[in-house]
Amino acid sequence: MSALAAEGLTRRFGGLTAVDDVSITLAIGELHAVIGPNGAGKSTLVNLLAGELRPSAGRIWLGREEVTAWPSWRRALAGIGRSFQRSNVMRGMTVLENVRLAAQAGEFPLRRWLRPAAREHGPLRAARGALTRVGLREAEERVAGTLSHGELRLLEIAMALAMRPTVLLLDEPLAGLGPEEGERVAALLRQLARDHALLLIEHDMDVVFAVADRLTVMVEGRVLERGTPAEIRASPAVREAYLGQGA
Amino acid sequence: MSGLFAQVLNGLQYGLLLFLISSGLTLVFGVMGVINLAHGSLFMIGAYLAFVIARWSGSLWLALPAAIAGGILFGALLERTLFRRFRTREHLDQVLLTFALILLFEEARSMLLGNDFHSVPVPAALDFSVPVTADFAYSAYRLAVLALCVLVAALMFLALERTRMGSAVRAAAEKPEMVELLGLDARRIHTLVFALGTALAMLAGALAAPLQSVYPGMGDKFLIISFVVVVVGGVGSVAGAFWGALLIGLVDTLGKAYLPELAGLAVYMLMAAVLLWRPSGLFARGA
Amino acid sequence: MVVAGRAGHALLALAAAGIATMPLWASHYHLQLASTALVAAMFALSLQLLVGAGGMVSLGHAAFFGIGAYAIHLLPPGLSVLATLPAAAALAGLAAAVVGALSLRTRGFFFLMTTLAFGQMLFFVFHDTPLGGGKDGVFVTRPALELFGLVLEVPRRSRPAVMLWLNLGLLVLMYAGLALLMRTLFGRALLGIRANEDRMRALGYNTRRVKLAAFVAAGMLAGVAGHMQAMTEAFVNPELLGWHRSAEGLLMILLGGLGALHGPILGAFAFIGLAEAGTLITERQRLVVGLVILAAVLALPGGLAGLRLPRRERRQPAPAAVEAARP
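Chains as they are written, first to last, in numbering that gives the first Met the number 0: chain A, 0 to 246; chain B, 0 to 286; chain C, 0 to 326.
Simulated from the structure, these hints should not be mistaken for lab results.
Please read all numbers here as calculations on a predicted model, not as lab measurements.
In this text, a Cβ means the ideal position worked out from N, Cα and C, and glycines have one as well.
Please note: incorrect hints may appear among the correct ones.
Label-pair restraints from in silico Cβ distances [to be verified]: (1) C:Leu149 - A:Glu140: 48 to 54 Å; (2) A:Glu137 - C:Leu279: 53 to 59 Å; (3) B:Leu275 - A:Leu109: 42 to 48 Å; (4) A:Ala68 - C:Ala298: 47 to 53 Å; (5) A:Pro70 - C:Val153: 51 to 57 Å; (6) C:Leu149 - A:Glu64: 42 to 48 Å; (7) B:Arg54 - C:Leu78: 51 to 57 Å; (8) A:Glu140 - C:Arg155: 43 to 49 Å; (9) A:Leu109 - C:Gly77: 35 to 41 Å; (10) C:Gly272 - B:Gly216: 22 to 28 Å; (11) A:His120 - B:Ala283: 45 to 51 Å.
Derived lysine-lysine pairs resembling DSS-like cross-links, with alpha carbons at most 27 Å apart [said to hold, decoys possible]: (12) B:Lys255 - C:Lys134; (13) B:Lys220 - C:Lys134; (14) B:Lys255 - B:Lys220.
Only chain A is shown next, with the shape it has when bound in the complex (with noise of 0.2 Å):
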């Protein structure tokens, strides 16, 4: 069963369409990379899924309930983890203040709001188990606004794994990495796709063809094509509207 399905999504601005009747679906076990020139609309499309932007139409299904009207905290609660292109973090806080603040969303119902954050063992073993797993925990009591670009990305994945979701949006991960940690991240990519739906917008594609189980080709805001990687590959739409340009 798919975890995230969206059908005939679409999206105006003003008389733009920045995503024109998408449809896709995620399941868990699978990397669904989503690639596409820049404009293609990939992040208006992780946007319409995480609840950052209402559809002008379309809807969306996290497994059996229909979302589309939900606000995007609420499909946060509900499983909906994602990352951010451009970092997007509490810059004056701590890196694991940052993640521990996603690992306490899910915890933070009316009657708790009064509990004394420093008792709350379990967001904390789960903020630093994620900070771990991205291979930030060393820089754990630095103020998120000094880490440098590449720490910041990993920090966006890290507050992500720390909702606990069950649907992981990255939008450009490895963007601005450097080889070594890239290739970390890739591995960790494959790792989480295990237990995880993830939908992973990526520039680089050399990393996607390594990592992603299937492909959705965006181009001015459709769907050009859809595959594996050898399909895609293979493809002679995308090849000429995309790989074609020398990439």
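The hints should help you fit chains B and C onto chain A, whose structure is shown.
Quick look at chains B and C alone, frame taken from chain A:
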């Protein structure tokens, strides 16, 4: 029936005055990202300027060009010396800076002109009533204010729509980063917008002076009602300020005339309704 | 926003002890002045929950202060303070819930304008309708100091001292309560929202609900401060709700330091002290206050608390409130 007609005219005329004030407020925020609480004080300064000039020259006529010219100069000066430096500061700093300006303007007013209420006579040439229908006449001065405001609004829309500078200002109000993308001189636009906003507020003050008395703290009332206009109309949009101002002017005037027990609460209820229904403003683009 | 460390709290406790001994050595006039400062400190502290902790710059906060004050006028006279104080907090909290639910549909500049407008609406309710006794204000009967049936009769002479102790006690309680609150899950979430609201939503926080809770709590605390204002002065007028008082509260926060919970207390004392010193020099209080604000905004971005806190305690860099305050 003629009573209602008079109230509607009053409401439109009040709304158009509000437009002169709130269009500057919304443009300054939209283009510069600056919250100017002292905008109401500029209105007060315009009114007092009219009072002083009318007392000195015996007529209001000189006050109008003086308010415009003085406003442009004063606004440019304020922008160059203070507001430019506060563009990138937090809202809290902007709030406090402009609050300090209110206090200083009020104190200066008190030192120079005292704390009394004053009235400004309607210009003699317009001190009569125009018969509008068989049994209903309306103050010629109020009609003139109405016409002048419509003229200013039309000029403003023309300038915004038809000139290069105007489209730059519109672009800046919608997306401040656009200015640099278009290769325009942001500093010139800021000075221009602030100077114009000041001139409009002072002109509104001068026009309003004969309609009500000139008194300490009069700026506050207009500042707050302009905020309501901007919230109802949608921030950063001159068209929003225009329709919002007319709506608020009508609702306030008609509300006070026909539901006096609600006092001045009608406009706030309208604002509450707008916040519930369309929090980004009735006339904002998109949602 | 940081809560002072052990050394900071020791200093604050020392200052509180010093104020508590004032009836032994200070004149009635100065006792009353100290009470004014304590009430102002309560008000500014309640506003700090919004601004410093939640990143919500409100210009309507004084309305809840004023409603707390008018509660004494609206309630039947002769009640115990144990009844009037919670009632004042509840009334102010109720008003804050309505205003907050509407205003929090907006952010940044819009939020500022809507809180100001709704605050002025409440001001007009007390200014223009018979509800509050008219625009010139009205004298009120002080609530009785009654504890479990025991009535404490305060002779006129010792009233300033009793009011001072009462105000001091409440301020200490309020500060301690807020310091604890900042350490709860709610406090952490609020600080996270101040730092980056959009990200907190994406993490699964219903940020509007958290902010509304903070708004109501701050309104209730402002109501407590207002109640004490009315009880201290035995007089209420619509100016208590006016937006100039909200702006003064923001000034106290800025003077004392946006980044520290105790900042507003320092700021309130500094503000009342400066205003008092100003009136000694010149009649023109507005001039003094205006110039003080200009100086503070231009020269003292970290506030008094920023000057006093040892550097090592400031783990966070100067508050990144630009992000927090932008719409």
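Taking the beta carbons of Leu275 of chain B and Leu109 of chain A, is their distance inside 42 to 48 Å? With Cβ atoms ~23 Å apart, the hint is violated.
Can the suggested window of 22 to 28 Å be confirmed for the beta-carbon pair Gly272 of chain C and Gly216 of chain B? 26 Å, holds
So the hint says 43 to 49 Å: do the beta-carbon atoms of Glu140 of chain A and Arg155 of chain C match that? Cβ of Glu140 of chain A to Cβ of Arg155 of chain C: about 58 Å, so the range 43 to 49 Å is violated.
Starting from Lys255 of chain B, check that the Cα of Lys134 of chain C is at most 27 Å away, please. Holds: Lys255 of chain B and Lys134 of chain C sit about 19 Å apart, inside 27 Å.
Are Lys220 of chain B and Lys134 of chain C close enough, with their CA atoms no more than 27 Å apart? 16 Å, holds
Mind checking the hinted window 51 to 57 Å against the Cβ distance between Pro70 of chain A and Val153 of chain C? Holds - the Cβ-Cβ distance for Pro70 of chain A and Val153 of chain C, about 53 Å, lies within 51 to 57 Å.
Has the hinted range 53 to 59 Å been met by the Cβ atoms of Glu137 of chain A and Leu279 of chain C? 58 Å, holds
Regarding Ala68 of chain A and Ala298 of chain C, is the given constraint of 47 to 53 Å on their beta-carbon distance met? Because 50 Å falls inside the window, the suggested range holds.
Just tell me: holds or violated, for the beta carbon distance of His120 of chain A and Ala283 of chain B against 45 to 51 Å? 46 Å, holds
Arg54 of chain B paired with Leu78 of chain C, Cβ distance criterion 51 to 57 Å: Since Arg54 of chain B and Leu78 of chain C have Cβ atoms about 54 Å apart, the given range 51 to 57 Å holds.
Taking the CB of Leu149 of chain C and the CB of Glu140 of chain A, does the distance hold inside 48 to 54 Å? With Cβ atoms ~53 Å apart, the hint holds.
Between Leu109 of chain A and Gly77 of chain C, does the beta-carbon spacing fit 35 to 41 Å? Given a distance of about 37 Å, which is inside 35 to 41 Å, the answer is holds.
Of the numbered hints stated above, those contradicted by the structure are hints 3, 6, 8, listed in ascending order.
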